[in-house]
Each structure stands twice: as C-alpha cells, then as structure tokens.
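**Q** Chains as they are written, first to last, in the numbering used here: chain S, 1 to 115; chain F, 116 to 228.
Everything labelled a hint here was simulated from the structure, so no lab data went into it.
Hints may contain errors.
DMTMM-like, lysine to aspartate or glutamate: derived pairs with alpha carbons at most 25 Å apart [unchecked claim]:
{"id": "1", "chain 1": "F", "residue 1": "K184", "chain 2": "F", "residue 2": "E130"}
{"id": "2", "chain 1": "F", "residue 1": "K184", "chain 2": "S", "residue 2": "D26"}
{"id": "3", "chain 1": "S", "residue 1": "K7", "chain 2": "S", "residue 2": "D26"}
{"id": "4", "chain 1": "F", "residue 1": "K173", "chain 2": "S", "residue 2": "D87"}
{"id": "5", "chain 1": "F", "residue 1": "K164", "chain 2": "S", "residue 2": "E102"}
{"id": "6", "chain 1": "S", "residue 1": "K65", "chain 2": "S", "residue 2": "D87"}
{"id": "7", "chain 1": "F", "residue 1": "K184", "chain 2": "S", "residue 2": "E102"}
{"id": "8", "chain 1": "F", "residue 1": "K164", "chain 2": "F", "residue 2": "E203"}
{"id": "9", "chain 1": "F", "residue 1": "K164", "chain 2": "S", "residue 2": "D87"}
{"id": "10", "chain 1": "F", "residue 1": "K183", "chain 2": "S", "residue 2": "D87"}
Note that the coordinates shown come from a computational prediction; the quantities given were computed from them, not determined experimentally.
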Amino acid sequence: SAVISQKPSRDICQRGTSLTIQCQVDSQVTMMFWYRQQPGQSLTLIATANQGSEATYESGFVIDKFPISRPNLTFSTLTVSNMSPEDSSIYLCSVDPGTFAETQYFGPGTRLLVL
Amino acid sequence: AQSVTQLGSHVSVSEGALVLLRCNYSSSVPPYLFWYVQYPNQGLQLLLKYTSAATLVKGINGFEAEFKKSETSFHLTKPSAHMSDAAEYFCAVRGGSARQLTFGSGTQLTVLP
C-alpha cells in the first residue's frame with residue numbers, strides 16, 4: 001500500500017476565492033485520481049491526474065473550475081477555482097499502483113467549507 | 116459501463132449481532148469488486164477486494180464478502196458486530212482494464228450497545 005498525505009486537511013474559504021489542495025505519496029505511482037464527496041454523498045471522480053500531460057476530466061467537471069497539476073509520480077495538486085457554497089465537500093486524492101490485483105488507496109481528504 | 120447499488124443507506128445492528136451490508140453490481144465485463152470503510156473525519160480504507168480468484172474474500176477486522184455472479188452481488192458480512200465497526204461503508208466496482216472505480220451510495224452502519 002501507499003502512504004498518502006493531503007494539505008490542507010480542512011479549510012474555510014470565502015466565495016469567489018480559490019484553494020489549491022496538495023497530494024503527496026511516499027512512493028512513485030502510475031495513476032492518481034481526485035474525487036469529490038459532497039455532504040452525505042458518495043464519491044464522484046473528478047479527474048485522473050496524468051504525469052506530464054493534461055488531466056482527464058469526467059463528465060460534469062472542467063479544467064477551468066478544477067485545474068490539476070501532476071509534475072511528477074509522487075505529487076499532484078487540485079485547485080478549486082472561483083468557489084461557491086456548492087463546492088463545500090471533501091476532496092480526496094487516491095493512487096493506484098497499477099498492478100493487476102491492486103486497487104486505489106485514498107488520502108485522508110481535505111474538508112472544504114465555502115461561505 | 117459499471118454501476119453499484121447499495122441497498123439500505125442506514126443499517127443498525129446490536130453489538131454482537133450479524134452485520135450484513137448489501138451490494139449489487141452491474142458490469143459489461145468481468146468486474147473487480149471492493150469494499151471500503153470510512154470512519155468519521157477520515158479517508159477511505161480498503162476492507163477487502165475480489166479480483167477473480169476465490170469467490171469468498173476475507174478482509175480486515177473480521178469482515179468477509181462473497182462474490183455471486185448469478186446474483187450479481189457482493190454482500191459484506193461480519194459474524195459479530197463491534198462498537199468500533201460504526202462507520203460508512205462503500206462498495207465499488209472496476210471493470211476490465213479500466214482503473215477508475217465506481218462507488219455505490221454508501222451504507223451508514225450504526226452499532227447499538
């Protein structure tokens with residue numbers, strides 16, 4: 001398994017501002033993902049963070065709102081831009097080692113409240 | 116495409132009683148199935164996984180799940196609930212070579228003293 005850390009662990013932000021969330025893994029991994037978990041809801045995949053190229057976004061999510069960087073195989077950032085109260089969620093980073101029987105391992109999440 | 120249905124958004128059991136959390140899946144290719152647990156204010160922890168080997172899968176904390184292709188189910192069980200099992204449980208599916216997970220809506224487990 002991989003050890004994943006996220007910063008910040010929580011934040012309270014004003015509408016119209018942006019927040020960048022960092023995800024750090026203790027080993028090189030093939031795939032990294034970003035999920036959103038709205039209050040009382042399940043997890044929804046935002047995008048796959050690709051190393052050295054643009055992220056792959058799921059339907060309903062766009063780069064202008066959720067720009068993602070992946071400069072190397074152990075680090076990624078997700079920015080939530082021009083925030084509104086509807087962006088209040090838990091944002092989770094996950095990694096997939098890519099081997100056959102492995103699955104995704106999740107970070108502790110970033111709890112975001114937008115006022 | 117894959118999808119997951121978790122029956123029962125809230126399940127309550129008494130301490131020491133059987134835990135049964137239901138998960139049914141839909142997949143156009145042979146699926147890989149997972150159960151994750153989320154404790155309050157924490158991320159997701161992998162409980163167990165089915166990856167086309169044994170159909171009865173044992174996980175951490177005394178949980179197990181059985182893959183039943185004929186019923187398209189992957190229910191999670193534990194013979195005797197403990198207070199520390201109170202958490203949210205998510206079933207997830209991955210299809211074929213795709214690495215993305217599709218999650219069910221989750222089941223909140225409450226353990227009563």
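**Q** Does each hint fit the structure? Answer for all of them.
**A** Structure-based check of all given hints:
1. K184/F <-> E130/F: violated, 31 Å
2. K184/F <-> D26/S: Given pair K184/F, D26/S is violated - Cα atoms ~37 Å apart, limit 25 Å.
3. K7/S <-> D26/S: holds, 14 Å
4. K173/F <-> D87/S: Roughly 37 Å separates the two Cα atoms, so the pair is violated.
5. K164/F <-> E102/S: Holds, at about 9 Å.
6. K65/S <-> D87/S: This hinted pair holds, its Cα atoms lying about 10 Å apart.
7. K184/F <-> E102/S: holds, 21 Å
8. K164/F <-> E203/F: Given that 25 Å is the threshold and the Cα spacing comes to 17 Å, the pair holds.
9. K164/F <-> D87/S: Between K164/F and D87/S the Cα gap is close to 31 Å, so the pair fails against 25 Å, i.e. violated.
10. K183/F <-> D87/S: Judged against 25 Å, a Cα distance of about 38 Å means the pair is violated.
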